[in-house]
Amino acid sequence: MNRLNPSAYNHAHLLLTLVLCASSFTLFTPLQTWILILVGCAGIIRISLFLNWQKHQISVRTINLLAILSAIVLATFGWQLGLLLGMLNLLALACSLKLMLLANRRDYFQLIGIQFFLIGTGLVFNQSILFSLLYGMLTLMLLLSLAFHISPSTSWRAQTMRIAKMSLQALPLCLMLFLIIPKLGPMWQMPVGKGSETGLSDKVTPGDLAQLARSSELAFRVSFEQQVPAMNQRYWRALVLEEFDGKTWQTAPYRDTLRRRYQRTNNRFNPAVSGPRIDYQVLSEPSQKPWLFGLDVAISHDSKIWQGREYQLLSRFPLQSGIAYKVSSYTQSPLLPDIEVLDRRLNLQLPESGNPRTRQWVKALREQHKTEGELIKAVSEYFIQQDFRYTLNPNPMPVDPVDQFLFEEQAGFCAHYAGAMTYALRLAGIPARMVTGYLGGEMRGDAYMSIYQYDAHAWVEWLSEDGWKRLDPTALVSPLRLDFGLQQAVAYEDSFLADSPLRRLQQFAWVNEFRMLLDDMDYLWSKWILGFNRDNQEDVLKALLGELSTLRLTIAGLALVAITAILLALYHYKHWLVLAKKTPAYYYARSLKLLDDNGITRPHWMGPEDFSKQVQQSMSTDISHIFEHITGCYLQSCYARGGNTKTQGLNQRMRTLLNQLKQGLKKKKSSVRDAQRIDNIS
Amino acid sequence: MFSKHLSLKITQWLDKRIPPATDVSLHRRNIFIFPSRFGFLFLVLCVALFILGTNYQNNLILILAFFLLGLFLVSLFNSYLNFSGLRIVIGKVGYPFAGDSANVPLWIETTTKKQTAHGRLHIALYGKNVQLSVDLDRLTNPVDVAVPTSSRGPQAIPRITLSSFYPLGLFRCWTHLQFASTILVYPSPHPCSVVTYDESGEENQEGPVSDQQGHDDFHSLTEYQPGQPLYHVAWKQVAKGQGMISKKFSGSSEREIWLRLTTSSGPQREADLSRLCFMVLELDSQGYRFGLELGDTLVPPAQGNHHRHQCLKALALYGFSEVSHE
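As given, the protein sequences belong to chains R and Y, one line each in that order.
Throughout, my numbering is defined as the position within the first sequence, counted from one, plus 10.
Throughout, my numbering is defined as the position within the second sequence, counted from one, plus 362.
Just chain R, with the same shape it has in the complex (with noise of 0.2 Å):
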C-alpha cells in the first residue's frame, strides 16, 4: 500500500534527516558500517520524499521486514560488541528504520526525543571542542526543526532568530543548573564502550609500548601549583605489574581479589607519608581503563579515587569521560610496602621454566655477588658494557624472549629492559616488579604540563630494606630519553611519531605555535567544562557567596528566584516601561491631567481634536493655543507617516508645550484668586 508523502517540502522533516545522518557520522567508530549504510539510506529516501521526486512513502510491510532482518542481523553480530555499543547500534538502527517510517506526528516527536538522546550519547565517545560545537549544532538545528513543524510557514529568517533568542534565554538557566545542581557520583556502573585501545594497558608483553609510543594523543595534564619536578624525576605511576608468565607481564590477581575485599569494606590504604610534598591537578583524558596517574607515594582524598596498596590510583569507574583530581606526591617518602611477606611472595613469583639462558646467567651473577646492591650494579654493568640499543622497532621475539632479548637481539624498548631487569632479580632472589606509567611531560609556560601517549614508559622496582627503590634500566642505555624525552633518544633512527606526518611537522616553529594554541583551549577546555567538578563547583560557589553556610546559600537561592521573578514581570509589563519612557501618549495623558485639575475633563467618547474644540470654548485663547498644539503634536505621533522616526523631536517639543501649559494655567489661577481678592476688597 502507498501512503501520501507527508514530508514534501517539509523542512522540520528535512531537518530531523540532516541531524540524524550528522549525528549517526559522528559515531563513526562505535557504529557498525552497515548501520551506517542503513542511516544513510534512510538520509536519502527522506530527502528524494521532501524534494518530492519521490512521491509515495514506503510500505509498512516492506520495513517491517527490513526491520526484521535488521534485527537478526544486529543480534548475530551485535552480541559481542558489549551492551554500551548494542545499545548504541539499536538506537541508531531503530531510528533509520524510524525515519523511513516517518508519517505522522507522533512518529516525529518521538524521532525527535531519540535524537537528542543520541546527541547525548556522541558526547559519550567525542568530548573535543569541535565535536561540542557541532553537537550543539545538531542540537539547535533539532529545535529548530521543532519550530518548523510548530508554525511551519514562517520564514527561516524568522525562525531562526526566534530559536536563538530562546536558546540565549535558556542559556543563563542552563549556566544557573550547572554551577548549582550538586554532582552526583555515578549511581550505577554503566556499560564501557570498546573505545580506541590506546593507553596503558594492565597486560604488557614487551613491544606492546613501542606500539603505544607511535602515538601523539594526549594521556593527560598536570598543573603544578608549586615547583615542578625535574623531567627525570617525573616518573608518573599508573600500573604496577607482578605476574610474569615468561612472555607477558600483568597485574597479578591475587591483588585485584584483595583490592575488591578492601573496597567492599571501604577499607582506605593510608600510607605513612614524610618530607616535601608537591601539590597538582590531574585533568586525565577518557581512557575507558580505571587507572590513573601520580609521582612517587601520591595520594588523593578525592572520594572517586582508590588509593592501592602497591602505590597506584586507580579511579572507581572506568574513564568514560575526563576525570580531574588533586594529588599530593610525597617525591621523598619511602613506599613502604602494606604486608611486607604478600609483597615478598607476589614478587619472587616466575615462571617454572623458559629462558634457560638467562637463569644461569643470573645464576653465575648470583654466585659471584652476594649482596643485593652488588648484583643490581652487576646486572646493570652488563646493560652498559654490552652495546644494547634503544629503538622504537625492536624485533619481534617470539620464544624465550628475555634470552633473545640479553643475548642476541641487544635492542629493545622500554618495556623490554624493565622486565628483563626485573626478571633477572626474581631469578636472583631479590622481590621486584615492572611498572608502567609515564616519563616526562612537555611543559607550556608555567600552566600546565601535557603528557601525550608516547611518554609511555616502564622501569623496575625493588623491595629493599627500607621500601621500594625505582631502578630504570633504559636510563643505563639511553640516558637521553630521561633528560629529553622520546624524541631525542630515538631521533638517530627517524621513527618518532613516524605514522603521523602531521605531528611531525612540528619541527616548524609556527605549526607548533599553533598546535601548542589549539592545545591552550584544549586544556582549559578539559579544566573547566569536562573536568568540573564538586570541588570547583564549590570553589566557584565560594568565590561568589563568600564562606558556604546554609543561611548563605538559602539566601541566594532567594535571591536568584527574586531576581528571575523581577526579570520576568519587567518582560512581561513591558509596556508599562514604554509609557514611563515619556513618549507623546505620556505628555498628552499629563495634559489632560492637568485640565482635569481645572475643571475640564475629556468625557471618554470624545476625540482628541473635537475635545481640543471643547477647551478652545471654555478657556481663554493663551491656554487653549497650547493645547491645541499638544493635541497636535500627539495625533502626529499616533498616525503620521514613519512617525517613530521623529518622536526625538516631537518629545521635546510637547515636553516645552506641557511646560507652557503648567505655566499658563498657573497664572490663570492665580489671576482668578487675584480678581477674587479685588472682589473681596471692593
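Treat the hints with care, as some may be off.
[Said to hold, decoys possible] Computed, partial: chain Y to chain R, Cβ under 10 Å:
no., residue
1, Val406
2, Gly481
3, Ile485
4, Leu498
5, Val661
[As the list claims (entries may be wrong)] If you want the ones that stay clear, here's a sample from chain Y, every Cβ over 10 Å from chain R, calculated:
no., residue
6, Leu370
7, Pro382
8, Val451
9, Ala460
10, Ala464
11, Lys490
12, Pro516
13, Ala542
14, Pro553
15, Pro591
16, Gln630
17, Ser647
Keep in mind that the hints were calculated from the coordinates and are not lab data.
Backbone N, C-alpha and C fix where the C-beta goes; we use that ideal spot for every residue, glycine too.
Assemble chain Y onto chain R, guided by the hints.
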C-alpha cells in the same frame, strides 16, 4: 455518575472563570497552560540525559540536559506570551436548518500592542476533536467553525476550544471560550404539498393556482426588495440608471395568501412546523406575497428575504417563550 458530576462542576467553574462575551482578549485569567505529551517526553529525556551524564561523569551531557531543561522553562513563557496576544471576536452567526451545522465565524486578531502571535491554532468544540487548524502567520479572517444543530429554536454556541503548541510543541496553551451569542435554528424543511388559506380562511389544497398570480397584470413599479425574483426586475429602468426597480403585479398584491399552523401541540406539531418551513421556502422562491399565522403570532403578508427570515424565525421560535433572537 461521578464523572458526570465532575464535568458539571468543571462547566460551572468555567462559566465563572470565562463568562460569555462577544469579544475576547486572551490573558492570564482565561488561558490554561500545561506540558503537552511531547513536553512530558522531553522532561523524561532531560532526566535520562542527566542520569547518563552523571553515570559517565560527563559534564557535556549534563550541560545538554540542563540546557534542554532551561529551554523547557523558557518555552513555558514564550508559549504563554504568544497565546496571550490573541483577540477573538465572534461575527454574525448564520441561520441553519435543524440538522445542518451552523457557521460560527471567528475573527482572530493576532497583533496586539505587545506582540504578534505565531504558529498553528487548533480550533475545536469543547470536548470534541480538533475541527480545523489555522496557521496564524497566514490567516484569512474569519475562521468558520461548524457547530452541529439537532432541533429548531435558539441554541447557545457551545464553548469553543482554541489551542496552540507554539513555539516548540512542549506546552499546550488553550482556552475554552463562551460566546455571548445564540444560534437561531430554523426547523428542517419537510417536503410536502403547499396548503394555503385566503383571507376568509378558506383552505386551498392545490396551492396558489397559476391564474391567481396575475403575473401578467402589471400594477406599478416599486423599489426592489432583496429576495424578489429577478424576473420581476424592471430591467429597462435599471438600464436607464434609475436604480433597482421591480415591477409589481396586480395579482400578487390583491390576493393575499396565508400559511397556517393547524395543530397547536403534540408530536404532530414539529412535523407541521417542518412542513410550514418547506412551504415558506417554496412560496418565497416563487415570489409570492404571503403571511404566516402561528397561533398568536402573526406575520403579515410581505415578500423578500427579510420577510422569509421573519417567517422562519417565527417558526423557529414557536413555543419558545424566550426573548426572540436579535
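Hints, one by one, checked against the model:
no., hint, verdict
1, Val406, "holds, 8 Å"
2, Gly481, "holds, 4 Å"
3, Ile485, "violated, 16 Å"
4, Leu498, "holds, 8 Å"
5, Val661, "violated, 38 Å"
6, Leu370, "holds, 32 Å"
7, Pro382, "holds, 24 Å"
8, Val451, "holds, 20 Å"
9, Ala460, "holds, 36 Å"
10, Ala464, "holds, 29 Å"
11, Lys490, "holds, 19 Å"
12, Pro516, "holds, 32 Å"
13, Ala542, "holds, 23 Å"
14, Pro553, "holds, 41 Å"
15, Pro591, "holds, 45 Å"
16, Gln630, "holds, 51 Å"
17, Ser647, "holds, 43 Å"
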